[in-house]
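*Asks:* Here's the letter readout for the chains.
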Amino acid sequence: MHSSATVIAVFLASAVEVVEVVTILLALGLTRGWRPTLSGASAATVILAGLTAILGTALEGWINIHALQIVVGFLLLVFGLQWLRKAVLRASGFKALNDEDEIFREEVAAARRAPLVRHLSLDWFAFTVAFKGVLLEGLEVVFIVMTIGTANGQLGLATGAAVAAAVIVGAAGIALRHPLSRVPENSLKFAVGLLLTTFGTFWAGEGIGINWLGADLALGWLLGAYCLAAWAAVRALRAAHAQVDVLSTAPQSMD
Amino acid sequence: MHLLRRFVTFWVDFIVGDAWEVALGIAVALAALWFVIHSWGGQAGLGFVLLAVILGTSWIALIRATAHARNTSG
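So the protein lines, in turn, are chains A and B. Here the first sequence is numbered in the working numbering, starting from 60 and rising by one per residue. Here the second sequence is numbered in the working numbering, starting from 4 and rising by one per residue.
If we strip away everything but chain A, and leave its shape as in the complex, we get:
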């Protein structure tokens, strides 16, 4: 159960981030050229790989498993809840959904406006934007790989799932030469948020000494409880949002 859940959580999280990266790289590559874009993306990838290797070795060498579970569980829980909260707000209408086509158009417009400045014989704008985009989105993937991989003792498996997602989604973006706007980003973020929150709760609890009801099976009922709570929250907030819409479109009183 742990292995398949690890692969699913990391694969989905990485896929969502790579969809966002593909939008940025396509916009830059098609307007400013592929050489500086791919150079920036490669430089960021090297840094992310180095970070994964260094942090992975350091965390795996951490002797006290309970302390590791508390720290990693807490971080994963808070991080997962952030994803889940945003997904609930998007699903209920309180936050705008990510529109990759719109982001693509904005990135293309910004890339066309920016003046050409060469540095180290590269278009510096394309290099730095690609570098920053891959680094920031990739940092979220590294964080998820590190936390899930080390707490579960499956760092290799988690890294493999992230790389597989990057290759599959990246290849789809290159083949289509268009932002992957049909990918249901918010549904994926919802699923990832639920999985990260479930793992985080389980490990943080185990770290402080909680004897979970059903031992490892607690992962199942915790996930069920979070699904139910998220569904109830979306329903309640959708109703609240509809009320906000009605109030904002109602005719103003004349007196």
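For the record, the hints were derived by calculation from the structure and aren't laboratory data. Because the structure is a prediction, the values reported are computed rather than measured. This list has only true hints and no planted wrong ones.
Simulated restraints, written as ranges between beta carbons of each label pair: (1) 89(A) - 66(B): 40 to 50 Å; (2) 14(B) - 212(A): 19 to 29 Å; (3) 279(A) - 46(B): 16 to 26 Å; (4) 63(B) - 272(A): 23 to 33 Å; (5) 18(B) - 171(A): 29 to 39 Å; (6) 4(B) - 276(A): 47 to 57 Å; (7) 169(A) - 21(B): 18 to 28 Å; (8) 15(B) - 233(A): 33 to 43 Å.
Backbone N, C-alpha and C fix where the C-beta goes; we use that ideal spot for every residue, glycine too.
Chain A is already provided as a structure; the job is to place chain B on it using the hints.
*Replies:* Quick look at chain B alone, frame taken from chain A:
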């Protein structure tokens, strides 16, 4: 010092986001439960306490996030 502050701010924003009450609530709950378990022994029911704190603080954070939209329409 300025660089260190930016570094810390980046990571807090990256992990916690804008709902500090969730992180604080969970941290306090974990510390309190750790104290209870190591003083009086662990019980399966304590898992439900942790779950309740997580759901409660998350609900507060959601209400806070939606409050602005409600206020501006009223």
